[in-house]
Each structure stands twice: as C-alpha cells, then as structure tokens.
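Colleague: Each residue of the sequence shown is one higher than the one before, counting from 3 in this note's numbering.
The set of hints was computed from the structure by calculation and includes no laboratory data.
Watch out, some of these pointers could steer you wrong.
[Said to hold, decoys possible] Cβ-Cβ distance ranges computed for the label pairs, FRET-style:
| # | residue 1 | residue 2 | range |
| --- | --- | --- | --- |
| 1 | I20 | S244 | 27 to 35 Å |
| 2 | E38 | R183 | 17 to 25 Å |
| 3 | D192 | A96 | 41 to 49 Å |
| 4 | R475 | W214 | 55 to 63 Å |
| 5 | R35 | P122 | 18 to 26 Å |
Where is the CB? At the ideal position from N, CA and C, for every residue including glycine.
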Amino acid sequence: MRRAPIRTVAWALGAAVIAVAGAVLMARADLARQREAFETDARIAHRLLSQRVVQHEAILATLVLLQPGPGDAADRLPSVYPQVLRVLQRERDAAWPDAALAAADARSRQQRRAVLVGDPAGREFAAGRYTVLQAADPMSYALVVDLKALVPRTEWPLPDDGPVRCWLDLDGRAQVLQPGRDGAGGWRFDFAKHLAAESQPFELRASRHVGWAELPWAAMAAWVLAVGGVVAALAAWQGQRSERRRAEELLRLGQIGRLNALGELAAGMAHELNQPLTALLANTRAAQRLLDEDPPDIATARGAMGQAADQARRAAEVVGRLRRTVERPDRGAAAVPVPLLDAARNVLFLLEPECRRRGVEVAWQLPAVPPTVRADPVALEQVVHNLVMNALQAMEQVPVGERRLTLVLGAEGGFGVLRVRDHGPGFGDAVMLRLFEPFFTTREGGLGLGLSLCETLAVGMGGSLTAGRAEPRGAEFRLDLPLAGGAGGAR
Numbered sequence: 003m004r005r006a007p008i009r010t011v012a013w014a015l016g017a018a019v020i021a022v023a024g025a026v027l028m029a030r031a032d033l034a035r036q037r038e039a040f041e042t043d044a045r046i047a048h049r050l051l052s053q054r055v056v057q058h059e060a061i062l063a064t065l066v067l068l069q070p071g072p073g074d075a076a077d078r079l080p081s082v083y084p085q086v087l088r089v090l091q092r093e094r095d096a097a098w099p100d101a102a103l104a105a106a107d108a109r110s111r112q113q114r115r116a117v118l119v120g121d122p123a124g125r126e127f128a129a130g131r132y133t134v135l136q137a138a139d140p141m142s143y144a145l146v147v148d149l150k151a152l153v154p155r156t157e158w159p160l161p162d163d164g165p166v167r168c169w170l171d172l173d174g175r176a177q178v179l180q181p182g183r184d185g186a187g188g189w190r191f192d193f194a195k196h197l198a199a200e201s202q203p204f205e206l207r208a209s210r211h212v213g214w215a216e217l218p219w220a221a222m223a224a225w226v227l228a229v230g231g232v233v234a235a236l237a238a239w240q241g242q243r244s245e246r247r248r249a250e251e252l253l254r255l256g257q258i259g260r261l262n263a264l265g266e267l268a269a270g271m272a273h274e275l276n277q278p279l280t281a282l283l284a285n286t287r288a289a290q291r292l293l294d295e296d297p298p299d300i301a302t303a304r305g306a307m308g309q310a311a312d313q314a315r316r317a318a319e320v321v322g323r324l325r326r327t328v329e330r331p332d333r334g335a336a337a338v339p340v341p342l343l344d345a346a347r348n349v350l351f352l353l354e355p356e357c358r359r360r361g362v363e364v365a366w367q368l369p370a371v372p373p374t375v376r377a378d379p380v381a382l383e384q385v386v387h388n389l390v391m392n393a394l395q396a397m398e399q400v401p402v403g404e405r406r407l408t409l410v411l412g413a414e415g416g417f418g419v420l421r422v423r424d425h426g427p428g429f430g431d432a433v434m435l436r437l438f439e440p441f442f443t444t445r446e447g448g449l450g451l452g453l454s455l456c457e458t459l460a461v462g463m464g465g466s467l468t469a470g471r472a473e474p475r476g477a478e479f480r481l482d483l484p485l486a487g488g489a490g491g492a493r
C-alpha cells in the first residue's frame, strides 16, 4: 500500500468531483435561464393573442349595439383590423345561408354571448381561419378571422427563425403560428394556456427543445481548466511539503542511525582496543624495569619498546575505522504504545522514492486487527528503516521484474510480529551465523553495524530480531516486540 498513489488518486477524484459539480451547476443555471426566457416569451405571446380574441368579442358587441346597415361593417372593419377577413351579417327576417352559421346563431341566443361557429370537418381551421358569431335582433353578425394575422409580426415576441415552436390548439387540431425547431435528446420546455375569450376556446401551446450543443461548453471548459489548475497547484504544493517532510525524516533517521552506530562501533572498538592497549602497557612497563636495572638492559628494553610501538599502531588502525556519526538515542526512553502498522507505513512512505527508483513492488499481509506494541517510536522506526533498506539493497542483485518486498504483520504469544521479506539472493549458512556480529558485512563499503544495532535496539525494547530464509528465495527478518498491555517479555 503506497501513500503517494492514494494521495494522487484522492487529489484527482477531488478535482473531478469539483469540476463536474461546477459544470453541472453552470449547465443547470443556463437551462434555468433559457427556461425563464422561454416562459416569458410564451406569456407575452399569450397576452397578445388574448387581447386580440377579446377584441373580436368587443367588435361583435359594438356591431350588435349599433346595428350598421348591410355593407357598412364589411367595408370598414377589415381596413381597421387586418386580422378580420370579412364581416357576415344576417338580414332582418332572413336566414343564414350556411347550416353551421344557423346552428351557431341558435347557440349564441341560448348562451347570450358570442360563440365559435362549428367546423366539423376542420377545413376552415386547417386553412388558418375561424368564424365567431354574435346573435341579435334585428341583425346578427359574424367575423371571419385570419389566425396568422392575429398579432402583427412587429409585435410578436418570438423571432420567425427561433427555436420556439408555437401553435393554437382547438379540440386536438393544431394551427402552427411558428414552426420553431425540434430535436431528439436534451431538454424540452413546454407551455400551455387557454386564451382569455370564452367564445374562442383556443389553447396556446409552445415548446422549446434545448440540445446538448446549446449548453455553455466554453464556460464549463474554462471552469474545469481553472479547477484543474488550482488543484494541480495545491497538489504540487502538498507534494513539495510531503517531499520536504520525507527528506527531514530521512535525515533524522539517518542521523539517529549513524549515532546509534557509534554506540555499536564504540562497543566493538572497546573490545578490539583492549588487547593492543594491554600489550602496550605491559611492554612499556617491561621496558621501564629493564632500564631501571644496573646496568640497564638496553637491547631488551629497545625490543620491548618496539613491540609497544607495534601495539600502538594497531590501536591507531582500530580508531581509524570510526565513522563520523552523531549522538546515540537514549536507551532509557520510556516505551509507549505504538501501532506497528503505522510505524511500518511511515517508513515505507519515507522510502517510497527508493522503492519506485529500484522498481520494487511492495505487498502487505495484514491481520484483521493490526497489533499495537510497546516501543520507543524513534528506535522502532530506525529498526524498520534499516531492515527495509537492507532488503532493497539485497534485491539489486536480481532482475527488476522479480523485486518484491513483503511486510507481514501479526501477533504471537504476547508479542507483535513484523516480518520483512525480500525476494533477493538470500544468505548462506555461514553468513546466517554471523549476521548480527558487529563489523560483519557482505556489502562492499558497508560498516557492518546496521543489523547489530537493530538487534540491540530490539532487545532494549524487550523484544528480539531474528533472521531466516524466505520461500522460494530471499531473506526474512522477524521483529518481535511486546504487545501493548500484553504479557510478553524479553526473549
């Protein structure tokens, strides 16, 4: 499990969610704006048409009231009202020449208002006309109206070539006032409302199709790019912070490792210096006694001093093996509960660039509940860091495609267990016996104190560090530390 890819995916998902959410909101806002504009235009058209049909009722009421003679209304009204094609009238004591007009006259008398003349075949309505009649005595009047001239184009709110389709509906029959545009997919807005004249029961209907191409793609693309830029900048900034923190942690662990190595180096040096310094002291004392004799034994004293010089040079060689390091951490630091998984993940986070550079695949084997151990957090991370680095260095000897590092966590007998398993060449029996000896190393240029230091730190925390072979090949190091609150003890 690697933190950087997870963080990268999280940043990408966050940017995608913000970008998509913003684009959706922009699209919805634009659709709401287009719907509002459509409904506003449709309401204006409805109001204009309602004014015209109410005007027709007013014209008929005026004719009935004034009772103009034959020909007067027919000659004057069409010139004043362009939508009135002609005026029909029934003379005194005469009958209408058409049965539909006669039936409408009877209905008008019964309902005492203007009525629409019936058109059973629908031919008149299909031709773009209709007739409205008002019965009266001595004369009745009817207007033949041009549907498409109801509203002058100069007053019509919708452009002729616009996307809005508009029509008048009468009992399921449609008279298109404006064809508009239609299409599949996208969104559809609808408007329907009856005109404000009972004598002319038309329903104005309008529809508007909004296709995908009409969405504000330029604005949405600009938003997505802006979000991507901001999130990329934030991700880069966060990445720089993580890299800086990783570098600081590696430096800290490196310093601790070098200074811990000093403790092991000092212990080894004390052992190696003890013999030449003892011999040096014995030879100088012997030379002193030989020189105090009377007469002094100069030749023998000179030989003793030569041997003392040889032992001094040997001691100097031991001191020359000392590496520049820094102070060793306090072994007396109090152990605290530490989640073993967190410590291992912290180290893998720090070494992620190394794993990526070396082409090492990292795998985890975790229990349902990862153990929490009692340990010094710094010393624990130092041990895990050394074990993982040793594994990475060991796998330099195998092809890139075969480099696999496996970390296994578990709990056994009151101890939390971490196994660091590599897929390298492994160790022979002779090497296995000396792995934890100070100054023993199989790596050119190595100091030979890393594993010795790790074992010392593990034992100092009440645990142990052991090594073995991994299957089918490679090495496995097992770190055991007491469980927090458990009954584990030193091994």
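Colleague: Would you mind marking each hint as holding or not holding in the structure?
Modeller: Results for each hint:
1. A C-beta distance of roughly 21 Å is found between I20 and S244, which places it outside the suggested range of 27 to 35 Å.
2. Separated by about 19 Å at the C-beta atoms, E38 and R183 satisfy the suggested range of 17 to 25 Å.
3. A C-beta distance of roughly 47 Å is found between D192 and A96, which places it inside the suggested range of 41 to 49 Å.
4. The hinted window of 55 to 63 Å between R475 and W214 holds, with their beta carbons roughly 58 Å apart.
5. Our hint of 18 to 26 Å for R35 and P122 is violated, since their Cβ atoms are close to 45 Å apart.
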